[in-house]
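J.: Line by line, the protein sequences are chains A and B. Residues in the first sequence are numbered from 1 upward in steps of one, following this note's numbering. Residues in the second sequence are numbered from 1001 upward in steps of one, following this note's numbering.
Source of the hints: derived by calculation from the structure; they are not laboratory data. Check before you lean on any hint, since a few could be wrong.
[Claimed, not checked] Partial pick of chain A residues on the chain B-facing surface, computed with a CB cut under 8 Å:
id	residue
1	D71
2	V74
3	V75
4	T78
5	A109
6	L112
7	R155
8	N166
9	E181
10	M182
11	I186
12	V190
13	G192
14	A193
Quick reminder that beta carbons are idealized off the backbone N, C-alpha and C, glycines included.
There are 2 protein chains.
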Amino acid sequence: MAEKKTRRRGEALKEAILRVTWDELQTKGYQRLTMEGVAAAAATTKTVIYRRWPDKAHLVIAAFGRFGGFDGYVVPDTGKLRTDFLALMAQVAAFLDKLAEETFRGLLADRLQHLDLENLLTRASSGNGIQAIVQPMLDHAAARGEIAHADWPDRLVNLPGILLINEVITRQELSLAARYEMVDEILLPVFGATARAPK
Amino acid sequence: MAEKKTRRRGEALKEAILRVTWDELQTKGYQRLTMEGVAAAAATTKTVIYRRWPDKAHLVIAAFGRFGGFDGYVVPDTGKLRTDFLALMAQVAAFLDKLAEETFRGLLADRLQHLDLENLLTRASSGNGIQAIVQPMLDHAAARGEIAHADWPDRLVNLPGILLINEVITRQELSLAARYEMVDEILLPVFGATARAPK
DNA sequence: GAATATAAGATACGGCCGTATCTAAAACAA
DNA sequence: TTGTTTTAGATACGGCCGTATCTTATATTC
C-alpha cells in the first residue's frame, strides 16, 4: 500500500493554494492565517508558496481576486454629483462586505510596513484606485455645470478614498449615516457643489 | 576577578532600557529594532522588558516620550482660523521631524494590527488627539464670527488629523505646499470659512 | 541582622517568518 | 526511449516573538 505520489503542478497547484488560502481567511481571519498553515492545509510546503507570492499580503490579495467575487468599481453616473458620491460609497460598502474589515485592516498594516506594497490594495480592487472613479464623476459634474471645473489637485480627488479608508479603520463599518455626512458635509463643500444650510 | 553582579532595579533600570531603545531607534529605525536587540544592548533580558511594556509599539512610544523632546501640541490662537490651521500643521511637521517618518509608519501599522493600541499614538503626543486642539480653534473662530458655529460632527473635527496622517503616509513628508492646499482647498471650505476664488 | 517579599536575570520553549539546500517527480526534447 | 530541464517537496536553518519557569540578587520588614 504505497502512497500515491502524484504531484500537482502549475495552475492546478496554484489554484489549490488560493482555494485553501481563501478558506483559511474565512475561518481564521487575516491575522491568524499563516503561511505554514496554508502550506499544510494545501498539502504542500512554504517553499512552493513563496515561489509564487512574496508574502501573506500578496497571497491573500490573490486569493481574494480569485474567489472574492468582486469585479471592481464602476463609475456611477446618476446625473448628480451628490448621488454619484453616495453610489460610490455604496459600492465600497459592498466591497467591504466581501472582504472582511479585519482583513482589510491587516492588509493595510502590512502595506504600511512594506512600502513597496504601496497602492497594491487599491490597484487590486479597482484598476487604478478610487481616484480613477472619482475623476470621471467630477468630469461629468463639471460638464453639467454643477461644479466650476474638473481639474482639482490630487489631494482633493483622493479625498473620498481617504475618508472611506479612515472610516473603515476607525469605526469598523461604513454606515449609511456616515456616508451621508461625508458627502454632504465634506465632499460637496470641498468641490464647491453645495449650498449647505447653516446650522 | 569575579564579575560585579550588581543589578539595576526599578526606575534606574527602566531609564536604561528607554535610553537604549531610543538609541536603537535612531541607529536602526523602527522596523529593525527588536525586543531582543534592546534587551541585549541594555544588558538585560526580554523578560524584564515585557514586564513593563506589552510590545514594541508601547516601548518605543515610552522611549519617545522620555527622550523625544516633544512636549505636545498647543492650541494656536492667531486670530484667524486659516492661520490657526497652518500653525497646527507646522507643529505636526515639527513633531514628525523628531519622530522619524519610518517610525511613525511602523507605529501606525502596529496600531492597525492591535486595535487596542487605538489612539495610543495620538494620546501619547497630545493628551487627547489633534481633535482636542482643533475644537478650541473652531470655538475661537465661531466666537469671532468667522464660521457659523462651533459644534461640528466628529468627522469634521477629526478631518485635519486624518489629512495629516494620510499626507505623511502617502508622501513621506509634510511639505509647506501640502499644508496650504489642505487648509485652503479642503479645511476652510468644509467649515464654510472661505470664499475661494474659482479657478 | 535574619526572614521574607519583590523583582531581575538566565534559560528554554513553541510559533511563525523567510531562505537555502537537496531530492525526486513531472514535463519536455531528441 | 532516454536524457534534460523544470518545478514540487522535504528538511533544516537563523531570526524574532511572546511566555513560562527557575534561580538569585536586592529591598523590606520584623
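J.: Hint numbers the structure violates, sorted upward?
T.: 1, 2, 3, 4 and 14
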